[in-house]
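Enquirer: Each chain, letter by letter, is given below.
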Amino acid sequence: MREISAQKVTEVVKKLCIRANCYLPEDVKKRIEDLHDAEPWPQAREILERIIENYQLAESGDRPICQDTGLACVFLKIGQDVHINGDLTEAINEGVRQGYTEGYLRKSVVRDPLDRVNTGDNTPAMIYYDIVPGDKLEITVAPKGAGSENMSQIKMLKPSDGVEGVKDFVLWAVENAGPNPCPPIVVGVGVGGTFDKAAYLAKKALTRDLNEHNPNPMWADLEKELLEKINASGIGPQGLGGKTTALSVNIEQFPAHIASLPVAVNINCHVARHEKEVI
Amino acid sequence: MPISITTPLTREKVRTLKSGDSCLITGVIYTARDAAHKRLCELVAQGKELPMDVKDSIIYFVGPTPARPGEAIGSAGPTTSYRMDAYSPTMIQQGQTGMIGKGKRSKEVVDAMKEHGAVYFGAIGGCGALLSNCIKKAEVIAYDDLGAEAIRRLEVVDFPVIVIIDSEGNNLYETGRAAYLEQQK
Numbered sequence: 001m002r003e004i005s006a007q008k009v010t011e012v013v014k015k016l017c018i019r020a021n022c023y024l025p026e027d028v029k030k031r032i033e034d035l036h037d038a039e040p041w042p043q044a045r046e047i048l049e050r051i052i053e054n055y056q057l058a059e060s061g062d063r064p065i066c067q068d069t070g071l072a073c074v075f076l077k078i079g080q081d082v083h084i085n086g087d088l089t090e091a092i093n094e095g096v097r098q099g100y101t102e103g104y105l106r107k108s109v110v111r112d113p114l115d116r117v118n119t120g121d122n123t124p125a126m127i128y129y130d131i132v133p134g135d136k137l138e139i140t141v142a143p144k145g146a147g148s149e150n151m152s153q154i155k156m157l158k159p160s161d162g163v164e165g166v167k168d169f170v171l172w173a174v175e176n177a178g179p180n181p182c183p184p185i186v187v188g189v190g191v192g193g194t195f196d197k198a199a200y201l202a203k204k205a206l207t208r209d210l211n212e213h214n215p216n217p218m219w220a221d222l223e224k225e226l227l228e229k230i231n232a233s234g235i236g237p238q239g240l241g242g243k244t245t246a247l248s249v250n251i252e253q254f255p256a257h258i259a260s261l262p263v264a265v266n267i268n269c270h271v272a273r274h275e276k277e278v279i
Numbered sequence: 001m002p003i004s005i006t007t008p009l010t011r012e013k014v015r016t017l018k019s020g021d022s023c024l025i026t027g028v029i030y031t032a033r034d035a036a037h038k039r040l041c042e043l044v045a046q047g048k049e050l051p052m053d054v055k056d057s058i059i060y061f062v063g064p065t066p067a068r069p070g071e072a073i074g075s076a077g078p079t080t081s082y083r084m085d086a087y088s089p090t091m092i093q094q095g096q097t098g099m100i101g102k103g104k105r106s107k108e109v110v111d112a113m114k115e116h117g118a119v120y121f122g123a124i125g126g127c128g129a130l131l132s133n134c135i136k137k138a139e140v141i142a143y144d145d146l147g148a149e150a151i152r153r154l155e156v157v158d159f160p161v162i163v164i165i166d167s168e169g170n171n172l173y174e175t176g177r178a179a180y181l182e183q184q185k
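Residue numbers (our numbering), protein chains in the order written: chain A, 1 to 279; chain B, 1 to 185.
Fair warning: there could be bad hints in the mix.
Derived lysine-lysine pairs resembling BS3-like cross-links, with alpha carbons at most 30 angstroms apart [unchecked claim]: (1) A:K204 - B:K104; (2) A:K229 - B:K104; (3) A:K167 - B:K104; (4) B:K114 - A:K229; (5) A:K155 - B:K55; (6) B:K185 - A:K167; (7) B:K185 - A:K30; (8) B:K136 - A:K229; (9) A:K155 - B:K48; (10) B:K104 - A:K30.
If you want the footprint, here are the derived chain B segments under chain A, 3+ residues with CB under 8 angstroms [claimed, not checked]: (11) 106 to 117; (12) 120 to 126.
Partial selection, computed: residues in chain A whose CB lies under 7 angstroms from chain B [what the hints assert, rightly or not]: (13) N118; (14) N176; (15) P179.
Quick caveat, the hints were computed from the structure, so don't treat them as lab data. The C-beta atom is built at its ideal place from N, Cα and C for all residues, glycine as well.
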């Protein structure tokens with residue numbers, strides 16, 4: 001058993017929260033810049049220029065890229081030969097608490113969805129635990145803003161709806177969202193599993209590097225086809241018209257019940273933040 | 001050339017602004033999001049005085065990040081406006097003439113804008129670091145307990161916005177997209 005202290009987990013989570021909110025990942029920046037160069041509509045190009053200027057300013061001054069510094073979504077891959085000395089969940093929440101306070105990040109969590117009193121320290125984090133072989137601990141922090149989260153959708157399709165049903169639902173979700181989630185967006189899609197598994201897969205898909213495609217060629221083709229269709233919709237940056245509506249469509253699939261075809265669409269804005277570290 | 005707007009934003013000025021116009025706002029604007037709007041509308045319903053002068057005012061839908069030492073405000077870009085749709089008609093009846101946000105608005109809001117003379121501006125969502133450069137001073141004037149959602153009085157200089165929906169109900173989300181698609185044919 002390899003020992004990892006809870007304190008170490010806290011330090012890493014704190015660092016990742018601050019870093020993710022102030023520095024956009026290289027793959028996302030590269031994609032925005034490429035699409036800016038390929039954008040034919042003048043107003044859309046101008047908006048993309050402001051978006052580029054904004055993340056450059058953020059990284060040069062350690063400022064949050066966006067004021068919605070999000071719910072702290074934390075994905076863990078815990079090696080089964082790792083032992084954490086201390087309370088792992090509390091260690092993560094302490095990292096979020098310290099990161100959001102010391103990093104001057106916005107506290108955007110209410111303690112109860114109906115009484116809506118702010119917890120004051122952005123806890124609790126939304127934590128996803130995955131046990132894997134090995135003796136490492138991989139931590140990904142993906143701060144998730146609500147503007148795009150609120151435009152996300154899930155539907156339990158029938159098996160007979162097939163691939164056309166999946167396509168129609170994803171395209172409908174993007175059309176329905178329109179300007180609201182701050183396009184250009186990243187579209188995370190989860191297909192299969194149960195109701196909740198599909199939603200989890202859609203969220204996990206948003207943490208994938210934009211240069212990676214689904215390893216299965218059929219699903220990779222579907223990603224490409226959906227991206228082309230979304231970028232032919234004309235919604236454009238901020239919904240004001242243009243070619244650049246989405247940066248990427250990332251699909252994760254999973255086996256499903258003989259009677260089910262769940263599809264979840266989790267939308268992210270262009271501030272597609274995620275930072276990873278392996279302990 | 002962008003149109004310069006100095007607050008207060010009178011109804012006469014509102015009538016001259018057209019969907020698609022780029023504008024630079026200078027002067028005093030107020031921040032409010034869901035929680036603050038709810039309280040403001042409760043005060044209106046009770047016939048009580050509001051914590052700021054709403055007549056000819058611009059309300060910016062924003063919840064900024066905390067200011068670092070020596071800075072006026074943290075990152076401060078627009079939040080999605082439809083969450084204020086339940087409240088904006090009441091605020092427009094009270095005299096508000098401008099809203100800054102991003103995203104779609106309801107028919108009820110647009111009807112109130114047309115009836116009373118108000119304009120909906122869009123700021124670029126996800127550009128909070130850049131937009132905060134135009135905010136020179138920020139002061140909490142009400143509901144400090146709401147944290148990021150408190151009402152702030154902002155002093156802004158050349159704050160960049162685009163008229164999305166004008167006081168006649170013309171909507172750039174519809175016309176901008178249609179113009180792009182037409183040009184692609």
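Enquirer: Does each hint fit the structure? Answer for all of them.
Expert: Hint check:
no. : hint            : in the structure
1   : A:K204 - B:K104 : 28 angstroms, holds
2   : A:K229 - B:K104 : 22 angstroms, holds
3   : A:K167 - B:K104 : 24 angstroms, holds
4   : B:K114 - A:K229 : 35 angstroms, violated
5   : A:K155 - B:K55  : 45 angstroms, violated
6   : B:K185 - A:K167 : 24 angstroms, holds
7   : B:K185 - A:K30  : 29 angstroms, holds
8   : B:K136 - A:K229 : 42 angstroms, violated
9   : A:K155 - B:K48  : 45 angstroms, violated
10  : B:K104 - A:K30  : 29 angstroms, holds
11  : 106 to 117      : violated (count 0)
12  : 120 to 126      : holds (count 4)
13  : N118            : 5 angstroms, holds
14  : N176            : 10 angstroms, violated
15  : P179            : 5 angstroms, holds
Violated hints for the displayed structure, listed by number in ascending order: 4, 5, 8, 9, 11, 14.
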